[in-house]
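Colleague: Protein sequences appear in the order of chains A and B. Residues 2 to 304 (our numbering) make up the first sequence, in order. Residues 2 to 304 (our numbering) make up the second sequence, in order.
These are computed hints drawn from the structure, not numbers from a lab. Computed from a predicted model, the values in this text were never measured in an experiment. All C-beta atoms, glycine included, are put in the ideal place defined by N, C-alpha and C. It is possible that part of the hints are untrue.
[Stated by the list, open to error] Just some of the chain A residues that point at chain B, by a computed CB distance under 8 angstroms: (1) A73; (2) C74; (3) D118; (4) A122; (5) G165.
[Claimed, not checked] Taking lysine-lysine pairs in the DSS-like style, the calculated list, with each CA pair at most 30 angstroms apart, reads: (6) B/K167 - A/K167; (7) B/K167 - A/K146; (8) B/K146 - A/K167.
2 protein chains.
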Amino acid sequence: MKSFSSRLTAAIAARQTPACVGLDPRLASLPPALAPARNAAPQEVAATFTRFCRDVIDVVAPLVPIVKPQLACFEALGLPGMTALADTIAYAREKNLLVLADGKRGDIGSTAEAYADGWLAGPWAADALTVNPYLGLDSVEPFVKVAAERQAGIFILVKTSNPGSKDFQDLSSDGRTIYEHVAAGVEQLAARTAAGEAYGAVGAVVGATWPRQLDAMREAMPHTWILVPGFGKQGGRAADVRGAFHADGLGALVVSARDVIFAHARPEMNNGLTAAQWQTAVDRACRDMIDRLAADTPAGALK
Amino acid sequence: MKSFSSRLTAAIAARQTPACVGLDPRLASLPPALAPARNAAPQEVAATFTRFCRDVIDVVAPLVPIVKPQLACFEALGLPGMTALADTIAYAREKNLLVLADGKRGDIGSTAEAYADGWLAGPWAADALTVNPYLGLDSVEPFVKVAAERQAGIFILVKTSNPGSKDFQDLSSDGRTIYEHVAAGVEQLAARTAAGEAYGAVGAVVGATWPRQLDAMREAMPHTWILVPGFGKQGGRAADVRGAFHADGLGALVVSARDVIFAHARPEMNNGLTAAQWQTAVDRACRDMIDRLAADTPAGALK
Chain A
2 MKSFSSRLTA AIAARQTPAC VGLDPRLASL PPALAPARNA APQEVAATFT
52 RFCRDVIDVV APLVPIVKPQ LACFEALGLP GMTALADTIA YAREKNLLVL
102 ADGKRGDIGS TAEAYADGWL AGPWAADALT VNPYLGLDSV EPFVKVAAER
152 QAGIFILVKT SNPGSKDFQD LSSDGRTIYE HVAAGVEQLA ARTAAGEAYG
202 AVGAVVGATW PRQLDAMREA MPHTWILVPG FGKQGGRAAD VRGAFHADGL
252 GALVVSARDV IFAHARPEMN NGLTAAQWQT AVDRACRDMI DRLAADTPAG
302 ALK
Chain B
2 MKSFSSRLTA AIAARQTPAC VGLDPRLASL PPALAPARNA APQEVAATFT
52 RFCRDVIDVV APLVPIVKPQ LACFEALGLP GMTALADTIA YAREKNLLVL
102 ADGKRGDIGS TAEAYADGWL AGPWAADALT VNPYLGLDSV EPFVKVAAER
152 QAGIFILVKT SNPGSKDFQD LSSDGRTIYE HVAAGVEQLA ARTAAGEAYG
202 AVGAVVGATW PRQLDAMREA MPHTWILVPG FGKQGGRAAD VRGAFHADGL
252 GALVVSARDV IFAHARPEMN NGLTAAQWQT AVDRACRDMI DRLAADTPAG
302 ALK
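Start from the sequences, fold in the hints, and give me the full structure.
Modeller: Next up, the structure:
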């Protein structure tokens, strides 16, 4: 098997887009055609999540290289939710999609290794996992080790898209923000695991809501894939994420979740459709995102 | 139902100890009497974890107020591991133990709420959850909201026990370390949720490996329960955790995991026992921890 970075590069080249669809199933937002009865049992809700995620994957699998299941949405349902998650990951892989498990895990020593063991090409069968760096670089090492061994990847939180990311990430120490200190550690790990390739097994998460910081982070982390959440609903536009890319259109993955998977709720995407045709709205929204990235960012070079 | 803090206080008073047993099942460390065959299927390993955790709970339930399942150990096995986790939590509750889910979760907005929804008195039925603050105070708010609504608790990482906690937590900004900035936020949330009680719904995690910092953190966070991991195997001794307590013996929970649950591997605890008697070693190690806390910390005042 090839490295995560080279598989990701190949998948992006094949679909000619760095768009990543977030799979964040939420009961209150499901297309009415699928929504279970009020007060449905967790098993029933989880079965609906499974159906919904499979239907979304059917639409987006030919269009994008990778999907990002949000673990919290599945965990919220308890055990039946985890069954839905396992099914969703298996179905995405069957449809030739890469899978990034968004769990923001983080712990120390053998506990960090247990998370890595479970998620990275382990029983949960994800290609990559998001990781929280608060506990320090020694807490990240077990994830890096397992990722490197299994040709998987991790994406470490650097500067997140929410306003509150200022509280601790933006604090300044020795003339650099905390997220810049984290970025320096991420780039070292990325360079160390690149093994002659352009990017390493360690990526970074930087929100689409911070265009200037994306520019600076792209420069500070040349060997690092940057995952950019917050596109669409959270306010980020295509022009805002431009800075995350290298000139060849590689180096970044841009995520949209709700704007794509719940496109039935967007009048401009749902125009002329019946409730049963919600997948057409997903298709339109996914293509719209891809087109906007191609038009306004270096991702246009992928065509 | 009473608040998490008052239930915790009552449970500590009833058992006369602030000892918390970490449930971190690991295949390589199980008592030989329970260990499954080499290359056992995940289902079989998970069934052994369930059996092991139930057997440990049978021993410690009369002795301690609370147990802390380490989610990573269960997640590492995939779906069967989650079934083992659900069983372990249910069995602990049945035995009248409080349950602190150690997941170090953290995310923003509705995603954070999904985690809180799942773990805090939700389908996973934990009384409390550990939370990672890297994403900022707005990322913690949904956990606080759900905890307050459901009489549950959260414990926010402040200064973790590993050496690498220096990398980002110890960086200095405006004359205070990052973990001191986090602690200030935690104390505000604890005070806000205390509702006239001594402690709020929001606690802190400070490692047993940092005795001086424990003193300072106790002072900086008067309304905050402090969860102290790293006792035993990670090097912390009873005298080192003294500073986490108020004079009445309350305000801290001290965790030991491996030293207690894998006590069969400690010659001084296993002395004279057969392999089948591994629970006796657990009993001895748990009582030893309780005695040491009573002798060398303000927890002695609970007797």
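Colleague: Confirm or reject each hint.
Modeller: Hint check results:
1. Interface hint at A/A73: satisfied, since its Cβ lies 4 angstroms from the closest Cβ of chain B, which is below the 8 angstroms cut-off.
2. Against a cut-off of 8 angstroms between C-beta atoms, the interface hint on A/C74 holds, since the closest Cβ of chain B lies about 5 angstroms away.
3. Below 8 angstroms, beta-carbon pairs count as interface contacts, and A/D118 has one with chain B at about 5 angstroms; its hint therefore holds.
4. Taken as an interface hint, A/A122 does not check out: its beta carbon lies about 12 angstroms from the nearest beta carbon of chain B, beyond 8 angstroms.
5. Because the beta carbon of A/G165 sits about 3 angstroms from the nearest beta carbon in chain B, less than 8 angstroms, this interface hint is met.
6. For the suggested pair B/K167 and A/K167, the alpha carbons sit about 20 angstroms apart, so the restraint of at most 30 angstroms is met.
7. For the given pair, B/K167 sits about 21 angstroms from A/K146 by alpha-carbon distance, which is consistent with the 30 angstroms threshold.
8. For a cut-off of 30 angstroms, the pair hint linking B/K146 to A/K167 stands: about 21 angstroms separates their Cα positions.
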